[in-house]
Every structure is written in C-alpha cells, then in structure tokens.
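J.: Whenever a hint applies, use it, and build me the whole structure from the sequences.
If you read the sequences in order, they're chains A and B.
For the first sequence, the UniProt record's numbering assigns the number 1 to the initial residue and increments by one for each residue that follows.
For the second sequence, the UniProt record's numbering assigns the number 1 to the initial residue and increments by one for each residue that follows.
Quick caveat, the hints were computed from the structure, so don't treat them as lab data.
Take these hints with a grain of salt, some might be off.
What the hints assert, rightly or not - Only part of the chain A face toward chain B is listed, based on derived beta-carbon distances under 10 angstroms:
| no. | residue |
| --- | --- |
| 1 | R63 |
| 2 | P86 |
| 3 | P88 |
What the hints assert, rightly or not - Ranges between beta-carbon positions, derived for each pair:
| no. | chain 1 | residue 1 | chain 2 | residue 2 | range |
| --- | --- | --- | --- | --- | --- |
| 4 | A | H204 | B | G190 | 29 to 37 angstroms |
| 5 | A | Y236 | B | G190 | 42 to 50 angstroms |
| 6 | A | E82 | B | G135 | 28 to 36 angstroms |
| 7 | B | G146 | A | D69 | 34 to 42 angstroms |
| 8 | B | F274 | A | S89 | 54 to 62 angstroms |
| 9 | B | G146 | A | G134 | 48 to 56 angstroms |
| 10 | A | G124 | B | V100 | 49 to 57 angstroms |
All figures in this text were calculated on a predicted structure; none of them were measured in a lab.
Where a beta carbon is used, it is the ideal one built from N, C-alpha and C, also for glycine.
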Amino acid sequence: MVAVIASDHAARGSTLTLREVSHRFDLEGQPLPVLDRINLQVGRGEFVALLGPSGCGKSTLLRLVAGLDTPTAGSLVTDGREIEAPDPSRVVVFQDPTLYPWRTVWSNVALGLEARGLLRTHRGRIEDALRLVGLTGFANAYPHQLSGGMAQRAALARALVNDPKLLILDEPLGQLDSLTRIAMQAELVSLWQRSSFTALLVTHDVEEALLLAGRVIVLSHRPARIKAEVVNSQPYPRHRGDPHFVELRREVFEQLGLDEAW
Amino acid sequence: MVAALTAFWPDKPENDWTYTGGFAIACGALAVAIAVAAFAGVRFAAFQRLKRLFPWLFALALFLAAWEVVTAKLGLLPLPFFPPPQAIVEVVIDDWGRLVEGIFASARLLATGYLIGATVGFVTGVAIGWSRLVGYWIHPILRFVGPLPATAWLPLAFFVFPSSFSASIFLIALATGFPVTVLTWSGVAGVKSAYYDIARTLGATQRFLVLKVAIPAAMPHVFVGLFMGLGNSFAVLVVAEMLGVKAGLGWYLQWAQGWAAYANMYAALLLMAFLCSGLITLLFRLRDRLLSWQKGLVRW
Ligand SMILES: Nc1ncnc2c1ncn2[C@@H]1O[C@H](COP(=O)(O)OP(=O)(O)OP(=O)(O)O)[C@@H](O)[C@H]1O
Ligand SMILES: [Mg+2]
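T.: Here is the structure:
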C-alpha cells in the first residue's frame, strides 16, 4: 500500500535522506546534545510524521531539513543533493505562525511569490490558498485582527501558495479547535493526495499522526533518537474508530511509554 | 451645557469693547460664530466634535480676558515686557511681510537640514544594523561623536562651511541624524530572527530581506528616532538662526529683543510654536498612516 501511494506521488515530491544526523547546541557554555544519530529515509510523495516528547528536538530537526541550520554531524540529502541553505522547494509551516504584522493576510500569503518574483503570473493562487484555509473574508485584515487559529491557517496558506516539493509542518494545527482541526486534517490529506508533495509532519497528537501519515516515527527524550517506526498503510479517509486504527494507536502510545494510561 | 456656554460667550466681547476696537470686534465675531455653532450643534451632528473643544475655548477666552485686564486695563505688569494682546495682533498685521519671510526662511532651513539628516541617519542605521563590517567601522564613531550636542560644532561649522546657511543645514542634519541612526539601527538589529527564517525558506534574496523584512519591521523604532530628531532640529534651528543666519524666526526673535520690541518677540514666539507643533502633528499623521497596521498594538 505504501508503495502504491508513493508511485502515485512520484511526479513532484522530493526524496529526503538523513544520515547519522546529530546536533548540539551551546547553552551557556554547556554543550546540549539535541539530536543523536538520526537515520531516516523518506520516499517521493511519502507522508511521514514525527512524534516525540516536548523539547526532544523535533523543531530542531525540521530546521536542519529546511536548511536554516547545519547539523553538527551527519548529512541531509534531498533529491541527491546536500541541503546547505533554504530553498523555496522546501517550505516550512513553523510552530509559531509569525505573520508579518505590517502586512495584510493577503500580502502575507503573497510573500513567497513576491520574494521569487512570481506575483504577477501566479496571483490567482493566493485567492485559492485563502479559500482552502477558509480565510477569504479576511484577505485585507492585519494579523493582530486574527485569532490564534486563524493566524495558523494563514501561515499554512502562505506555505501552500508556493507549491512545495517537500512540505515541512511543525504542529501546524496545534492552535485550532477540535472541529476546525478535523476539517483541516482532511483538507491536508486531500491536498497532499492532489499536489503530490512529500510531507514531513511534527505533531504532539498521536491520532493526528496516524490519521495523516503513512509512517509514524517515534522519537525518544532529548537527545532525540529514533525509538520506533509505526507504519499505517490504511487507505484514506481513515477512521478513528476502526479496530486496526485503535490497535495502531495503542502501539504508538506504548512506544511513547504511556501504556499505563490505557 | 451648550446653553450655559452660549450664555457665557457674549459676555466677553462686551468686556473687550471698551478697550481696543479691532481686537474686540474680532473676538466678538469669533464668539458669535462659536455661539452660532453651539446652537447649530444641538441640531447637526457635524458640530458634535466641536463641542468637545468648548471647555478649552472657554478657558482660552478667560485667559485672553485676564491678560487684557492685567496689561491694558490695570497696567499691573511692566509695559514694554508684557504688551496687551492687541499689540501682538497689531505686530502681526503691520509686520506680516517680515514674519512670513521669517517663517519661510526657517521652514526652508529646517526642511533641508531635517530631510538630509533623516535620510542619512536612516541609511546609516540600516547599514549598521545589517552589515557587521559597516557596524565595526561606524559604531565607534557614532559612540564617540554622537552624544556631542550639535550646537558644540557651531563655531567650527561657521568657519568651515562656505555660508552660514550650509553650516546651519549641516548642524540641523547632525542633530537629526544621530537619534535617527541609533534608533533605526536598534530597530533593524532587534528584528525577530523568525521573520528572516520565514522569508529565507520562501526564497528571499538579501535585498528582499533588507527592504521587505528588516526595514518595515524596524519602522516603529525609526519613527521614535524621527520624533527625537525633529525636537533636536528645532533647538539647533533657533540657535543657528540667532548666531549665524540672518533670517528666519529665530533671527527675528533676537532682532526684536535687540530693539526692545517685545510685542514682535511674542508674535514670533507664537508663530514658532505653531510651526513646531504643526510639524510634529504632521509627523504624527505620517506615522499613523504608515504604521496603521500597528493600531491597537502599541500607541505611544
Ligand atoms: N537556538 C537554540 N539554542 C540553544 N538551545 C536550543 C536552541 N533551540 C532549541 N534549543 C534546545 O533544544 C531542545 C530541543 O528544542 P526543539 O525546539 O527542537 O524541541 P521540540 O521537540 O520541537 O519541542 P516542542 O514539541 O515543545 O516544540 C530544547 O531543549 C531547547 O532548549
Ligand atoms: Mg517544536
């Protein structure tokens, strides 16, 4: 099943390979190891979720993939080339929406197109993206006039407009209410199925990871190591009540060390 | 309230009537106009805003009346130093040519100096905030020379520059440039790194990062610098006009004092106050316009 999905998406998504990636920060002179020899292979058009306790290094890993930081050791390769700097083919939806307060929602979403000089030719995409995240009526609003969830949806639209090959999502739905969240999860899946990008999703929500991803990578406490990998090859749309789904969820919770809670 | 005000207003011209004709008539006309406006205000919403000003207008009228009484009527204050209000009106009417000339000369000097100073300060500030190399070279100079009051350069400037006009422009630009530079710099340096991260992952060039991220994000700071610079430039303007340039309101002020023409002095002071507060208001308007996105976030 994974193979079938992968071949569906072979057209545009990029591959991603992490080899022995380790990263360390300096915290007041003390070395703080955050990532410990991470090995990961993501195929074209695959949807991979990263799960792990808070502060284990998930966001750090995503920054390395984005090319915003370089790892202390190891290498990251996408489509056969080493990741050295940010590239618009890899777009990040950050944990914190960080919209530019001096721009309206519309021109925040337009940012990527503007930066690459594509605004004239691809203007229509902005409307599409805004419609997709349900912010059509707020195109001319300023960020301080949005709620937290709306800001997050605007940040999602800002990423989607760029038609990425690899979409990097750092808890993109974290601030949404549960209803909007379910709707956006379905929206993300259908978007991914249509646009054939590779997706790397960080989330705290076990169900979300299992609903969206073909593979769920469970990380340990800091320094993060890959503890387990859970494959979900169920077809979309997936259902939370499905016995196989429940079984997978139990498995992931067990890997996270929360089995007593069940 | 409106009724009470209108009852009070007509009192004033009667008070003045016995003193100087022209001034009293003007006051009376104004009072009648306001009284009419007050009546109209009951009916038209357009005048509602004016209503807020009534207490102030009333206080102003009281002040003018008191001034009138103390100077012209009772002569309580020594005369050459404290002329009655009508004497100032007289000066403005009789000497308006020279005053207008003075306003233009001051405005021209101030505008040129301020614009040069603000532009240079802004560009320098962005450069220091952005480039480590530029920062390395300019920062020490800024630290050493910046805090020196611009007026300290006055003797040197008048000696070095070909004309006192260009020397004054230099001084005003200097007084404006320092706060603008420092605040622009701190604004650019304080831009959240997340803003850059986002633009970089979306394919922004260095140029885009400076023009579309760093500068707009630093704008609130830049405006603080512009306000401080404007205040500084007023001070330097007056000093430069008094000591060097033989034109402008500052010079008129000193000239009037030299001739013991105190009414002229008050007139010039009054005009200068209008000029300065007008310019500050203008800058506020510009800020509110450019930083409208900030409304509701920070007001200062
Ligand atoms: N720039 C930095 N300098 C020093 N330490 C950092 C830096 N960025 C992150 N860290 C540290 O690295 C660790 C991992 O941070 P990271 O943001 O990757 O966690 P996370 O897994 O995304 O957590 P969360 O789920 O809460 O977002 C944390 O302990 C944090 O203190
Ligand atoms: Mg994080």
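J.: If a hint holds in the structure, say so; if it doesn't, say that too.
T.: Tested hints:
1. R63: 8 angstroms, holds
2. P86: 4 angstroms, holds
3. P88: This hint holds: P88/A lies near chain B, its Cβ roughly 3 angstroms from the closest one there, short of 10 angstroms.
4. H204/A <-> G190/B: 29 to 37 angstroms: Roughly 31 angstroms apart at Cβ, these two residues keep to the hinted range, so it holds.
5. Y236/A <-> G190/B: 42 to 50 angstroms: 45 angstroms, holds
6. E82/A <-> G135/B: 28 to 36 angstroms: 32 angstroms, holds
7. G146/B <-> D69/A: 34 to 42 angstroms: Given a distance of about 36 angstroms, which is inside 34 to 42 angstroms, the answer is holds.
8. F274/B <-> S89/A: 54 to 62 angstroms: 59 angstroms, holds
9. G146/B <-> G134/A: 48 to 56 angstroms: 51 angstroms, holds
10. G124/A <-> V100/B: 49 to 57 angstroms: Since G124/A and V100/B have Cβ atoms about 56 angstroms apart, the given range 49 to 57 angstroms holds.
Violated hints for the displayed structure: none, as all numbered hints are satisfied.
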